[in-house]
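Model the full assembly from the supplied sequences, consistent with the hints where possible.
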Amino acid sequence: MPDSVRTGFQDNPIGGLAMYLVGPVPLRIAFRGFIAVVGTLMLAGAVNTSIVGSNGVLNRVSEDGILPQWFRHPHRRFGTSHRILNLVVGLQILTILLSRGDIFVLGEAYAFGVMWSFAMKGLAVVVLRYKQRGEREFRVPFNFKIKNVEIPLGLGFITLTLVALCLINLFTKQVATISGVTFTIIFFAIFSITERTTRKRSTEHAELDQFNLEASDDLTPEKLGVRPGNVLVMVRNYNTLHNLNAVLNRVDPHKQDVVALHLRFLQRSGGGEYELTHDQLFSLEEQKLFTRALEIAEKKGKTIHLAVAAATDRWEAILRAAQSLQSSAVALGASNKTPVVEDARLAGLAWERLPDPKPQLAVQFYFPSGQDQIVYLGPHAPHLTPKEIE
4 MPDSVRTGFQ DNPIGGLAMY LVGPVPLRIA FRGFIAVVGT LMLAGAVNTS IVGSNGVLNR
64 VSEDGILPQW FRHPHRRFGT SHRILNLVVG LQILTILLSR GDIFVLGEAY AFGVMWSFAM
124 KGLAVVVLRY KQRGEREFRV PFNFKIKNVE IPLGLGFITL TLVALCLINL FTKQVATISG
184 VTFTIIFFAI FSITERTTRK RSTEHAELDQ FNLEASDDLT PEKLGVRPGN VLVMVRNYNT
244 LHNLNAVLNR VDPHKQDVVA LHLRFLQRSG GGEYELTHDQ LFSLEEQKLF TRALEIAEKK
304 GKTIHLAVAA ATDRWEAILR AAQSLQSSAV ALGASNKTPV VEDARLAGLA WERLPDPKPQ
364 LAVQFYFPSG QDQIVYLGPH APHLTPKEIE
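Be aware that the sequence shown starts at 4, since it is given in our numbering, and climbs by one per residue.
Don't read these hints as lab results, they were simulated from the structure.
By construction, the Cβ of each residue, glycine as well, lies at the ideal position given by its N, Cα and C atoms.
Hints should not be assumed to be uniformly reliable.
What the hints assert, rightly or not - Pair ranges (Cβ atoms, derived):
#, residue 1, residue 2, range
1, Val40, Met4, 18 to 26 Å
2, Asp6, Thr52, 20 to 28 Å
3, Leu94, Thr175, 20 to 28 Å
4, Ile188, Val60, 15 to 23 Å
Claimed, not checked - In silico DMTMM-like links for lysine to aspartate or glutamate, alpha-carbon gap of 20 Å or less:
#, residue 1, residue 2
5, Lys305, Asp255
6, Lys302, Glu153
7, Lys134, Glu153
8, Lys258, Glu225
9, Lys134, Asp67
10, Lys303, Asp359
11, Lys148, Glu138
12, Lys340, Asp375
13, Lys291, Glu66
14, Lys305, Asp346
15, Lys258, Glu301
16, Lys124, Asp105
17, Lys176, Asp105
18, Lys291, Asp105
19, Lys361, Asp221
20, Lys291, Glu301
Below you can see the structure in the form of structure tokens.
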């Protein structure tokens, strides 16, 4: 690229280089267009990552009661926190407009944010070493103890290095300092005001996830977006979800879907049954239960589908749901009151009452100890032990 035109391509040197390659002009123009498309795709991935990351951070901020729960309202169709996503995208567009697309301003502002974020995270980890003592899966090396007081030398050195770099950046990059400090002050003021407002409005259960309740007369694979042959996991108490944990350890979500179903039993009186309204069907207990179920699935990096249904008879409701969803197995936590043999007998009686065609099901009982017991309903190959085979 000639020196006389190089300064004109400071913002896009690769595009300028493409125009001064040897070859026909139409081909050079096409190559420059290809570079623009590739650059757009790369930046689109970066923008998408920043949106996802910002969405996660603001959701956690809202759960802590700093932002109102209004921001976490799930989208009716996609179930995402659309208000936070719209806010993040709006702020990104505003940032581009205010900077006029100047890559140097954006780069310095980005460096300010990244460096101070790392420094604050390092400082937070140092504080946690003393606030929450105990064993950890990983510790930064070079830790010493003086009279039972831990000295995290390695972690402290990393934190001091990051803070030193941030201070150098603070005094040498004027644009980054002005824009970064202004951004920090504005959002600190906004978060302080919203936190006080949110606390006044009672945010007792802000840590719980928000759910959309979609009413339906039937449980079908199409309604829940699952494939036939799924595993139906019965969830009842958010403190006893070992059956869900065991199923998620075994199931590959790419091959088999997992449905977590909670039954809300109808109350009977002398005048008959009372149907539950949607608000009664999904109360605070169900919200706690499904929040805990999602936490377990997220830790394992797997997807589950949630459902709640009204019922009068336990086994009839379970098997009818499995039949409607075309499930291949039902996973339950073993009862402390009823033996597995008795539960299996009741399941067999309920299976006999199902309308034809009756499904072939494997009913899996999981114990808190990690053991399990399987009972088969319907025609199936005999389950022989090694001694019986011999």
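Requested in this report: Below or equal to 20 Å on CA atoms is what counts here, so check Lys340 against Asp375.
Outcome: holds, 17 Å
Query - Distance restraint between Lys148 and Glu138, which requires alpha-carbon spacing of 20 Å or less - result: holds, 15 Å
Query raised in the report: Does the Cβ pair Asp6, Thr52 satisfy 20 to 28 Å?
Result: Because 37 Å falls outside the window, the suggested range is violated.
Query raised in the report: Is the hinted pair Lys305 and Asp346 satisfied, with a Cα-Cα distance of at most 20 Å?
Result: violated, 29 Å
Query raised in the report: Taking the beta carbons of Val40 and Met4, is their distance inside 18 to 26 Å?
Result: holds, 21 Å
Report task. Verify the proposed pairing of Lys302 with Glu153, using a straight-line Cα cut of 20 Å. Result -> violated, 30 Å
Query raised in the report: Given the hinted pair Lys291 and Asp105, is their alpha-carbon gap at most 20 Å?
Result: Distance ~47 Å between Lys291 and Asp105 Cα, so the pair is violated.
Query raised in the report: Is the hinted pair Lys291 and Glu301 satisfied, with a Cα-Cα distance of at most 20 Å?
Result: holds, 15 Å
Query - Lys303 paired with Asp359 [C-alpha distance capped at 20 Å] - result: Given pair Lys303, Asp359 is violated - Cα atoms ~37 Å apart, limit 20 Å.
Query raised in the report: Is it true that the CA of Lys134 sits at most 20 Å from the CA of Glu153?
Result: Holds. Lys134 to Glu153 sits at ~12 Å (cutoff 20 Å).
Requested in this report: Take a quick look at whether Lys291 and Glu66 sit within 20 Å of each other, Cα to Cα.
Outcome: It holds: about 13 Å lies between the C-alpha atoms, which stays within 20 Å.
Query raised in the report: Measuring from beta carbon to beta carbon, are Leu94 and Thr175 in 20 to 28 Å?
Result: holds, 26 Å
Of the numbered hints stated above, those contradicted by the structure are hints 2, 6, 10, 14, 16, 18, listed in ascending order.
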